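Going line by line, the protein sequences match chains X and C. Numbering-wise, the first sequence is residues -16 to 333 according to our numbering. Numbering-wise, the second sequence is residues 5 to 240 according to our numbering.
Note that these hints are calculated values from the structure, not bench results. None of these values were measured; they are calculated from a predicted model. Incorrect hints may appear among the rest.
[What the hints assert, rightly or not] Where chain C lies over chain X, by a calculated footprint (3+ residues, C-beta under 8 Å):
hint	stretch
1	158 to 171
2	246 to 260
[To be verified] Coverage of chain C stretches by chain X, computed from C-beta distances (three or more under 8 Å per stretch; other residues unrestricted):
hint	stretch
3	20 to 33
4	53 to 62
5	68 to 77
6	139 to 148
Every residue gets a Cβ at the ideal spot worked out from N, C-alpha and C, and that includes glycine.
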Amino acid sequence: MTGRVRVTTAGISSVTDLGRSAGGAVGQMTGGALDQYSARAANALVAAPPQAPLIEIVAADFAATTSANLLVALTGAPADVAVNGVPMRQWEPFWWPAGTELSVRSIRLGMRVYLAVHGTLDVPKLLGSCAPDSVLGFSGPLHRDDTIGVEPGPLRIFHSHLGIPVVRGAVQPPRFTDHWRIPVTDGPDRDEFGASAHRLHAGRFVIGNHSNHIGLRLTPVGGARLPVREHHGEVLSRGVPIGAVEVPAGDELLILHRGRGVTAGYPVLAVVTATGLSRLGQARPGQSVEFVRVGLGEAVAAARAEQAAIDRLTRRLARLMSAHDHRGSTASIPDSRPVPSEFEQLSTSS
Amino acid sequence: MASLASTGPAVRVLDCGDSAVRVVVDAPDSDAAWRTAHALAALLRQDAPDGLLGALPTYDSLLVEFDCVRTDHAGIRGRIAALVDRVDGVPLRVPRTFRVPVAYGGFHGPDLDAVAAMLDLSAAEVIARHTAEPLLIRCFGSPAGAPMMDGPAFGAPIPRLASPRPHVPAGAVAVAGRQAVVSACPAPGGWQILGTTPLRLVDPSHEPLSAYLPGDSLHFYPIPESEFEAHRGALS
Chain X
-16 MTGRVRVTTA GISSVTDLGR SAGGAVGQMT GGALDQYSAR AANALVAAPP
34 QAPLIEIVAA DFAATTSANL LVALTGAPAD VAVNGVPMRQ WEPFWWPAGT
84 ELSVRSIRLG MRVYLAVHGT LDVPKLLGSC APDSVLGFSG PLHRDDTIGV
134 EPGPLRIFHS HLGIPVVRGA VQPPRFTDHW RIPVTDGPDR DEFGASAHRL
184 HAGRFVIGNH SNHIGLRLTP VGGARLPVRE HHGEVLSRGV PIGAVEVPAG
234 DELLILHRGR GVTAGYPVLA VVTATGLSRL GQARPGQSVE FVRVGLGEAV
284 AAARAEQAAI DRLTRRLARL MSAHDHRGST ASIPDSRPVP SEFEQLSTSS
Chain C
5 MASLASTGPA VRVLDCGDSA VRVVVDAPDS DAAWRTAHAL AALLRQDAPD
55 GLLGALPTYD SLLVEFDCVR TDHAGIRGRI AALVDRVDGV PLRVPRTFRV
105 PVAYGGFHGP DLDAVAAMLD LSAAEVIARH TAEPLLIRCF GSPAGAPMMD
155 GPAFGAPIPR LASPRPHVPA GAVAVAGRQA VVSACPAPGG WQILGTTPLR
205 LVDPSHEPLS AYLPGDSLHF YPIPESEFEA HRGALS
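Between the sequences and the hints, there should be enough to build the whole structure, so can you do that?
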């Protein structure tokens, strides 16, 4: 590794990726970035592979220095991003010059910011993934003065007049809000809740403080009521999907997220869609959620539409890199510019 | 929901969100359902369609996870329908039996006496039944891939603790209902703890993470508390 990133303010951060899909077969959580869309977008913006390690920054301020010139992109929730105090834009790549400090402060509306690097972060992997597993004790949070080896990628030039227009606006931030509308499809055990299953779609639920990467706990507000299980047969343990909506103890909704235990014996009332899970990965305790009932076709189409924008960006950047290879230009670091306000307006307009 | 018309076992494929299906095996007995669920998972992994992320079998069902951008429910259902006819031909892996030392009772097994009282047995008789036969691992369980086993021949189901313990250490050897387990990692737990093994069952610094697979068995044997440290190591 030719470079090192040193953490100067750790906050609540870790190096992660899209998760350990091979873990489920041997009983391990999937884990990985809770907002998969923002994580995929961050890697695509710096022409990194989808499963490349990146840094997930949760709610609290973060800062780090680098010993190498790095092309980086930050996605996820709105925040004040700066390099040596000069504001930088999220959702497009910029140069993080060697010897400077990148800071992420005042994360707002959402919970998670993703920092992706054009190049390779050198971190240990387990079953093909660097995602921390809090249960197994693999990897874990970053601490102050931790260093991460980094090999910068081949793209040494990203000219402000050449490169930025190619990617500006190519992937849009999700809508951030205090009132999330989350699409869900019917779960395989919906019948066990009888007519009360409709209550899931008939009001608002507020996200509780004991929510994390394993699951979100929600209670009804403003006259909403919880669905009630009508059948109480013994259920054999079985695999539960990420996004499963359950009512385990009868007093709150539990939505299993990427850190879930892979087996359980509770009936699955509904399942949050792939795009909805990314939104829930940003939802904060105290914010409210409405669950919108959608069909499988609509859910799949939404997932494909999000990925299509990322794939278009990946193809554009591949063409840019190929053109760059032929020209053999020298490195260029664009001017640091103040942050325009579009992102803030976009983010708060919902 | 309809059974797939075939000569193979009857399975129902239930949608489980946009990225998974649950396959439930309808078989005359639970053992046949379990064998079919695990054989079907093995076939899916060997002959993985594009976009398949994983197949997780437990008792009478398996969860099949996929990337709905790269495949869809119809594609996954089609593959399952094609493979279900072949489950009877899946060659059986030769199962392994692992010897597992356990310090029973006292500090290491706080519920041994209570379980003995429930069953109207002595503590020694409970240990004798728990160690009499190897216990069959049915599936990986939560958390962290713990081995979920058929329980020993106690003659009666064992109730869970009225109030779960907030901290159960790794290696806790426990029973509940007609099942048995060894904790793979520290976690809260409501099962009755008969003893503790000094062996590490799941090791994140090593692949594969665990030596056992569903179909293998654990054969417990008692050790004195004084030998606990001497038996430390990984299950192998």
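Hints breached by this structure:
Hints that this structure does not satisfy do not exist here, as all of them hold.
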